[in-house]
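Asks: Residues in the sequence shown are numbered consecutively from 1129, following the working numbering.
Warning: the hint list may mix true and false statements.
[As the list claims (entries may be wrong)] Taking CB as the label site, the calculated pair distances span:
hint, residue 1, residue 2, range
1, Arg1357, Met1450, 34 to 40 Å
2, Asn1214, His1183, 22 to 28 Å
3, His1183, Glu1454, 34 to 40 Å
4, Leu1301, Ile1154, 34 to 40 Å
5, Asn1226, Ser1178, 35 to 41 Å
6, Leu1330, Phe1449, 53 to 59 Å
7, Asn1226, Ile1453, 26 to 32 Å
8, Leu1467, Thr1487, 22 to 28 Å
Think of the hints as simulated: they come from the structure by calculation, not from any bench.
A virtual CB, placed ideally from N, CA and C, is assigned to each residue, including glycine.
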Amino acid sequence: MSSDNTSSRHSNDTVRTIPVRNPLNIERLSSWIVNHSSLESLIFGAQGRSTQDEHWLKERMQVKQFGFGQSNPTYLLIISNLPHRNDALKVVLRRKPNKIAHPSSHALHREFRVLESLQRYNKQLEQQQQQAFDKSVPIPTPYAYCKDKSILGAEFYIMEFVQGRIFVDPRMLSIGSEQERTEAFKDALRVMANIHCTPYSLIGLEKHGGRSSVKDKTNPTYIERQLQRLLQISSKQSDLMKGRDKDDVKKVETSIRQIAQVLSQHASQCPNPYGLLHGDFKIDNLIFHPTEPRVIAVLDWELSTMGDGYCDLANFCMMYFMPSIEKGWGVAGLGDMKLEGTGILTRPQAFLRIVSIMTKLAKGVNTWLQ
């Protein structure tokens, strides 16, 4: 994640930390951390814990909160003056919000499980002989998960802080070179293809989506299930928005239902391939290398499931229809921008690029092209 001292020259390009708006119980958190075996070497080094306690850790911990696009409150923990380190330790804490729109949303336990599985997969690839193509899926290292809601009021987990660049704005304004911007987009699509080619059944994710991979025409397709979920969440969100302008809420809900109805007429005709999905694959969920145009971590796996990989591509392509961040929609898009001469791939170019990558990777691998 971007460091909090990033230059304001490209303020739309990066994710910053802000004053904590959802406070954490630092004393309880410190106690949980110092007593968790998975975090012992990280906090205390090879010698392990001796007499240190939660007060020792609390005095060394600084908490900041990330400020953009975090449906799950996400914090940066900075722990200084550790005896085995010359620099401060930085880790990321992701916590469920107090209110959720649907039981399947904010599924941090699934997110953590996917990260653990992909970490094993990446280690397996490292042990193999050099491959013609890099099939790894770059992720932050997951450290520890907490189901005990009494600690912070909700489930949470701690993972590696990855130092790099998050582009909130897909125009990638801080990249001065047209060629580098092209390479950054190409690498994002390479990583997407690697996700879809992941041999999920070999790394414990065969039941990740709650449905076996056996084709059963009596079950709804992935697209049909997504539309059903959309309507359920829309209804729940309307309930959570009570007290706001009723007419505006009603208009939004009606529009969503009309869109879902039109899409439902075609959903049953969609192919129903089966593979690992990120669920929210887009530029601002990727961390790029600090100076190079390549992805070094994929974030926000809470919507990950098993299904049709074209949906990840469709989600990625939404930016081509959304206006720029200056329009005030709260999200950044490319819809009102001429892409010629920018290095940014057009939508057809993005589609052709990922098909080309998947074709190269598909041999002997379960993919959504099959």
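Asks: The structure should be examined with respect to each hint, and the outcome stated for every one.
Replies: Okay, the hints, checked on the actual structure:
Between Arg1357 and Met1450 the CB atoms are about 21 Å apart, so this pair departs from the stated range of 34 to 40 Å. Roughly 23 Å separates the CB atoms of Asn1214 and His1183, a value that falls within the hinted 22 to 28 Å. His1183 and Glu1454 have their C-beta atoms about 48 Å apart, which leaves the hinted 34 to 40 Å range violated. Leu1301 and Ile1154 have their C-beta atoms about 36 Å apart, which keeps the hinted 34 to 40 Å range intact.
About 37 Å separates the C-beta atoms of Asn1226 and Ser1178, a value consistent with the hinted range of 35 to 41 Å. In this structure the supplied range 53 to 59 Å is violated for Leu1330 paired with Phe1449, their Cβ-Cβ distance being about 37 Å. Distance hint check: the CB atoms of Asn1226 and Ile1453 are about 28 Å apart, consistent with the given range 26 to 32 Å. Between Leu1467 and Thr1487 the Cβ separation comes to about 24 Å, which falls inside the hinted range of 22 to 28 Å.
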